[in-house]
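Undergrad: Read off the chains here:
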Amino acid sequence: MASVVDIESKFHFSREMLAGPIYRKYEKAIRKIWSVEDLDFEQDARDWQRITPEQRSGLLGVTIRFLAGEQAVTDELVPMLAAAHALRRFDWTMFLSTFLMEEAKHAEFFMRWHENVVGILDPDEVGPHFLVRGKTVDPTGRFEVRDVLHEALPYYGGRLLEASTGGTEVEIERAFVQFSAAYNSFVEGVLTMPSYEIVIDTTAQWDAFPTLNQGFKLILMDEGRHITFGTEACRILIEKDPSYEALVHEIFDAYRGNVVGLVEYQKAVPGLDLGKYQTMKVRHYRNRCREMGITPDETLVEQILDPTIDFVVGVEAG
Amino acid sequence: MAVRWSCVEAGCDWSVEAAEADAIVPLVQSHIAEVHSSFELEDMIEAVLEDVPDRDEGGERG
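Residue numbers (the numbering used here), protein chains in the order written: chain E, 2 to 319; chain D, 5 to 66.
What the hints contain is simulated information worked out from the structure, not anything from laboratory work. Do not take every clue at face value.
Claimed, not checked - Computed spacing ranges between beta-carbons, pair by pair: (1) D:5 to E:167: 41 to 47 angstroms; (2) D:56 to E:12: 35 to 41 angstroms; (3) D:41 to E:145: 29 to 35 angstroms; (4) E:54 to D:57: 57 to 63 angstroms; (5) D:56 to E:52: 26 to 32 angstroms; (6) D:39 to E:116: 36 to 42 angstroms.
Said to hold, decoys possible - Mimicking DMTMM-like on lysine to aspartate or glutamate, the simulated pairs with C-alpha atoms at most 25 angstroms apart in a straight line are: (7) E:218 to E:9; (8) E:241 to D:50; (9) E:33 to D:50; (10) E:277 to D:50; (11) E:33 to D:46; (12) E:218 to D:13; (13) E:241 to D:54; (14) E:29 to D:26.
A quick note: this is a predicted structure, and the numbers were derived from the prediction, not measured. Ideal placement from N, C-alpha and C gives every residue a C-beta, glycine not left out.
Start from the sequences and build out the full structure, keeping to the hints where you can.
TA: In structure tokens:
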């Protein structure tokens, strides 16, 4: 006969979770669901026909990066789900179910936009427009610009999955903070924020691509929840063990080169005020730190604002 | 308790207080749009709100 403890272990929800901030995000995600099917790509397709080859090349440099990026982040969410289960945080699992669906939907948006507007979708069609990271160079040699999305996320995701399936609670928590710092705080919360604005500003400046503009705003609404889920989860774990703060700084330090300058796809669209996109990273970095309850690394802030740090970018596509 | 949001854009010390989160979000978004030609997401604003004692009148600082 099963004991009371055995039976109670089959239930994972509590009033504390119901009243908590992560469950609030789950409720909001459900209320805010939108569908790519409801978007009309016809005007964007007409706009594509009227812009110049230089404008086409610049815009594709950014949108193709998003097409690859949204697929990558969708694929990399399983370790977080495994960790939420291992840490017995059912409210996190519930929110992450919306997170995973939304990342897949963002990938769908970019698949549909490129197929319906540009007429490219298969890997051999979109691949030639992907701007190669090796073309971004710091002329002083101080900073290395790495591919954090395709390097750090699989690496730290693998470590989190390994910890979640056989590690101690502390090992899972440490791996979660590292993965979330890389994924939610660094990639989504700082590095990519200027890229959203670059596309939204481009559509406004060119008075074109209304559905690309609309899609980016809908995606951003979801990303605001994703990023603040990650930072809230880190805040909870760092409050529990303040030594975890150092793990966040280690991640930002390892990929410092990616945020102290603008990388190739962020410089691809002609005619934009690039200084704004560089400066705004300070606000996003400081806010991610505020959300996690940690102290910003002021040397990183100084380097982001240092006008002498400016990468040379060869924008040839791969 | 009221809530306060402080801008951390480089070189900006603007802050705003309001009776509740719903009221402060549009004020922050207007500041970011008008002063910094940028945007700030609702969830990110709500995530860094500080509780402050109620005042007779809220408003902008900085």
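Undergrad: Holds or violated: are the alpha carbons of residue 241 of chain E and residue 54 of chain D at most 25 angstroms from each other?
TA: 21 angstroms, holds
Undergrad: Could you see if the CB distance from residue 39 of chain D to residue 116 of chain E stays within 36 to 42 angstroms?
TA: 39 angstroms, holds
Undergrad: Within 25 angstroms, alpha carbon to alpha carbon, are residue 29 of chain E and residue 26 of chain D?
TA: 14 angstroms, holds
Undergrad: For the pair residue 5 of chain D and residue 167 of chain E, does the Cβ-Cβ distance stay inside 41 to 47 angstroms?
TA: 44 angstroms, holds
Undergrad: Could you grab the alpha-carbon distance between residue 277 of chain E and residue 50 of chain D and see if it respects the 25 angstroms cut-off?
TA: Holds. Residue 277 of chain E to residue 50 of chain D sits at ~24 angstroms (cutoff 25 angstroms).
Undergrad: Would you say the C-beta atoms of residue 54 of chain E and residue 57 of chain D sit inside 57 to 63 angstroms of each other?
TA: Once the Cβ atoms are compared, 59 angstroms apart, the range 57 to 63 angstroms for residue 57 of chain D and residue 54 of chain E holds.
Undergrad: Given the proposed pairing of residue 33 of chain E with residue 46 of chain D, does the C-alpha separation stay at or below 25 angstroms?
TA: Status holds; Cα separation ~13 angstroms.
Undergrad: Taking the CB of residue 56 of chain D and the CB of residue 52 of chain E, does the distance hold inside 26 to 32 angstroms?
TA: 49 angstroms, violated
Undergrad: Quick check on a hinted range of 35 to 41 angstroms for residue 56 of chain D and residue 12 of chain E, using CB atoms only.
TA: 39 angstroms, holds
Undergrad: 29 to 35 angstroms was suggested as the range; check whether the CB atoms of residue 41 of chain D and residue 145 of chain E agree with it.
TA: 31 angstroms, holds
Undergrad: Taking 25 angstroms as the top limit, are the C-alpha atoms of residue 218 of chain E and residue 9 of chain E close enough?
TA: Roughly 43 angstroms separates the two Cα atoms, so the pair is violated.
Undergrad: Check whether the Cα positions of residue 241 of chain E and residue 50 of chain D lie no farther apart than 25 angstroms.
TA: 22 angstroms, holds
Violated hints for the displayed structure, listed by number in ascending order: 5 and 7.
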